[in-house]
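Colleague: From first to last, the protein sequence lines stand for chains A and B.
For the record, in the first sequence the residue sitting at position 381 is 380 according to numbering that gives the first Met the number 0, with numbers rising by one throughout.
For the record, in the second sequence the residue sitting at position 249 is 248 according to numbering that gives the first Met the number 0, with numbers rising by one throughout.
Everything labelled a hint here was simulated from the structure, so no lab data went into it.
This list has only true hints and no planted wrong ones.
Reference listing, derived: stretches of chain A covered by chain B, where coverage requires no fewer than 3 residues with Cβ under 8 Å from a Cβ of chain B:
hint, stretch
1, 152–166
2, 180–194
So, partial list: chain B residues that the calculated Cβ filter (under 10 Å) puts toward chain A:
hint, residue
3, 54
4, 76
5, 82
6, 83
7, 87
8, 92
9, 93
10, 94
11, 103
12, 108
13, 148
14, 157
15, 161
Ideal placement from N, C-alpha and C gives every residue a C-beta, glycine not left out.
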Amino acid sequence: MGGPLRSPAGRREREVALSAAGAALLLGSVAPLASLLVQEGSAWRGALDVLTDASIFALLVRSLALSALVTALALSLGVPLGVLVARTDVAAPWPAALLHAFPMFLPPFLLALGWFHLFGAKGLLGSAATSSVFFSAAGVVLILAVAFAPVVTALVALGLESLDPSLEEAARVAARPLRVVTLILLPAAAPAWLLSAIVVFTLAFSELAVPMFLRVDVFPAAVFSRLGGLDYAPGEALGLVLPLLGLALLLLAVERRLAGARSYAVLGLRSGRLERLPLGRWRGAATLAVWAAAFLSVAPLVALAWRAASGGGFSQAGGWLGGAPWTSLSTAAIAATIIVAIGLVVGHSAARRLGGGGTLDAVSVLAFVAPAAVLGVGLIALWNRPGLRWVYGSAGILVVGYVARYAVIGVRTLGALIAQTPLHLEEAAAAAGAGFWRRLTRVLLPLHARGIGFAWLLALVFCLRDLELAVLFYPPGRQPLTVRIFTLEANGPEPVVAALALAHVAMTAVVLGAGGGLLWRRPA
Amino acid sequence: MTAAVALEGVTLAYGDRKALDEVTLSVAPGEVLALLGPSASGKTSLLRAVLGLAVPTSGTVRLGEEVATRDGCLLLRPEERGLGVVFQDLALWPHLTVEGNLGFGLAARGVPRREAVGRIAAMVRRVGLAGTERRHPGDLSGGQRQRVAIARALVLEPRAVLLDEPLASIDVDLRRDLLALLRELFAEGGTTAVHVTHDLREAVAVASCFAVMEEGRIVQQGALDDLRRAPATPFVGSLLDDLEGRMPVGEPGGEPRRVP
Numbered sequence: 000m001g002g003p004l005r006s007p008a009g010r011r012e013r014e015v016a017l018s019a020a021g022a023a024l025l026l027g028s029v030a031p032l033a034s035l036l037v038q039e040g041s042a043w044r045g046a047l048d049v050l051t052d053a054s055i056f057a058l059l060v061r062s063l064a065l066s067a068l069v070t071a072l073a074l075s076l077g078v079p080l081g082v083l084v085a086r087t088d089v090a091a092p093w094p095a096a097l098l099h100a101f102p103m104f105l106p107p108f109l110l111a112l113g114w115f116h117l118f119g120a121k122g123l124l125g126s127a128a129t130s131s132v133f134f135s136a137a138g139v140v141l142i143l144a145v146a147f148a149p150v151v152t153a154l155v156a157l158g159l160e161s162l163d164p165s166l167e168e169a170a171r172v173a174a175r176p177l178r179v180v181t182l183i184l185l186p187a188a189a190p191a192w193l194l195s196a197i198v199v200f201t202l203a204f205s206e207l208a209v210p211m212f213l214r215v216d217v218f219p220a221a222v223f224s225r226l227g228g229l230d231y232a233p234g235e236a237l238g239l240v241l242p243l244l245g246l247a248l249l250l251l252a253v254e255r256r257l258a259g260a261r262s263y264a265v266l267g268l269r270s271g272r273l274e275r276l277p278l279g280r281w282r283g284a285a286t287l288a289v290w291a292a293a294f295l296s297v298a299p300l301v302a303l304a305w306r307a308a309s310g311g312g313f314s315q316a317g318g319w320l321g322g323a324p325w326t327s328l329s330t331a332a333i334a335a336t337i338i339v340a341i342g343l344v345v346g347h348s349a350a351r352r353l354g355g356g357g358t359l360d361a362v363s364v365l366a367f368v369a370p371a372a373v374l375g376v377g378l379i380a381l382w383n384r385p386g387l388r389w390v391y392g393s394a395g396i397l398v399v400g401y402v403a404r405y406a407v408i409g410v411r412t413l414g415a416l417i418a419q420t421p422l423h424l425e426e427a428a429a430a431a432g433a434g435f436w437r438r439l440t441r442v443l444l445p446l447h448a449r450g451i452g453f454a455w456l457l458a459l460v461f462c463l464r465d466l467e468l469a470v471l472f473y474p475p476g477r478q479p480l481t482v483r484i485f486t487l488e489a490n491g492p493e494p495v496v497a498a499l500a501l502a503h504v505a506m507t508a509v510v511l512g513a514g515g516g517l518l519w520r521r522p523a
Numbered sequence: 000m001t002a003a004v005a006l007e008g009v010t011l012a013y014g015d016r017k018a019l020d021e022v023t024l025s026v027a028p029g030e031v032l033a034l035l036g037p038s039a040s041g042k043t044s045l046l047r048a049v050l051g052l053a054v055p056t057s058g059t060v061r062l063g064e065e066v067a068t069r070d071g072c073l074l075l076r077p078e079e080r081g082l083g084v085v086f087q088d089l090a091l092w093p094h095l096t097v098e099g100n101l102g103f104g105l106a107a108r109g110v111p112r113r114e115a116v117g118r119i120a121a122m123v124r125r126v127g128l129a130g131t132e133r134r135h136p137g138d139l140s141g142g143q144r145q146r147v148a149i150a151r152a153l154v155l156e157p158r159a160v161l162l163d164e165p166l167a168s169i170d171v172d173l174r175r176d177l178l179a180l181l182r183e184l185f186a187e188g189g190t191t192a193v194h195v196t197h198d199l200r201e202a203v204a205v206a207s208c209f210a211v212m213e214e215g216r217i218v219q220q221g222a223l224d225d226l227r228r229a230p231a232t233p234f235v236g237s238l239l240d241d242l243e244g245r246m247p248v249g250e251p252g253g254e255p256r257r258v259p
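Same shape as in the complex, but just chain A:
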């Protein structure tokens, strides 16, 4: 690894780039999180009060338990689906997988709205009985598990695709498909599905809108209510999130242990030809299960369309949208661009095991696994100052928040791409006299233009779907669409809210469809 890549000129350029990327991560995530730790004594006393207040402590435990249940259920749905889609001969697996995965790019709150129009008391399939289940902790678990199962499915499928095909073939020579899957494939792909468990737990714990909509008390809602509700008390909010810092650090430690050391080693997609595992007489049932999961994922969207159409929501929606879609798209696009730039520099250093890369990779993971309430309160504590109003009072704070929370997408996807690129390509350029920037722009960028495009698209969509972070500090008059729908839900007309939700779905579908289509057409 040494030699040309560590030449003084190239190293200086890389250090400058890494420092800039590090500064962005520092301002967006490390400084806000650190600012939580350097508060006045009253905040710490508030934190102690939280831990000693039985009702708040019970709320924390309840939220942790709900998140664990969501994770368990999402795994039990997503792991078998991932195996069926990626490695078996079910009929038309990829169209089913695309349908199943699409809701992963939407805020779960929109799906909850759809489920409400299906199973609420006045829903298409609703009754008093379904409504009582819907508006309960069980409802929260079911809705979030279905919403997040595609995360597990996708990571398991990718994990299986990245395994060396000969590991599976060596097992197929000796054992039946079920034994191959349970004893060889799933254990070998463990880093992928364990990582998915961390991601789902993190998303479930951060989720604010779904529990609030279903009137189930959770810890992030307690933080939110102290930042802008009837219980306005920002000092208490600070106290409430301090214990969650510990949770974030614990999740980071687990991630490092489970996946950190191997995350760059198993991401290359298999290149060999491999027959799918034959399901024999179970093929029909398995195909049915996969397609049922696909329709389950899109059922709430159908219900939203029904509600919007039946109440004239589409015709009124234009007046309610305002500038929210533009705010969403513009802030998400700027954030995604910064995320990709950070991802290239940090991902490169992490993939090549160069100094500082691993640390900044960990910082990006920490900002993602930290519950959104922690990062949000930290951003408020750091940026809500008179001298920084030009950022905090503008859409710029949304960009700062998005970059902090979703930088991990750029760092990990681009790091994985670069890890798959033979080091010799860069070393040859370095030996020819190219510095870091020239290697980055003349070798890595052209080589991975499509991958970089996909990373940008992924970051864009995750910024678009954000609600739990933006709702804590969106500037006046600059609501992203997700926040607009969330705030309207309480008092706005149902058909209009359904139509706005569908507008968000359409915006996401168009972005994914157009961006994905353009990138697929581009030569690799």
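Assemble the complex: chain A is given as a structure, and chain B must be docked to it using the hints.
Modeller: Below, chain B alone, put in the same frame as chain A:
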């Protein structure tokens, strides 16, 4: 005598490209056949067709008295064929110990636990891996990993073992040791084997019979003397040149000659 492994008119195509083209080949019980050929000549495709990991578009694959594949139909699934395999990259399951790697196939084939433990212990000793039973592949040296892969194939007591260039990319001393081990193991067990290689020296060290593939076809099959007597193609000639230390015909300065 019925062949242990037989291919009759086997064609295997990937899209428009024929990886195997009307291949006919048989391996007698207890025979070790070396399958030679340049890169992309179809050697690995032939092994995959025998293993059931690829289904030929036409032709028949027989294993003893059983028809395993006929005209595009997989009649015996890979796990029902009773074969052992050593892949070029070894394909040791990284999450299982040495014992676990050897025991996986035995458990899958319903070998009673007590018998399996005995067979694993005997095989581990036989290949010189005693003391490594609880270690994972990542904790072993390159040579030890090669031995685990060989042991994993042979502990199943397969009707035939197929080796796909298992000794490629290892150093000369280790290759010599492993060739000796393979020769001994094949002889002790009366094992039927197909050993894929592109190196005739390696082939001669373990095999009694040779088949040469080019462009998806078997161009010559027989004993080493048959190959020497009438090499069917320039490639066969070059293999023999390499074995006997001759400068190949056509090389600069090139009449055939022996190196002193």
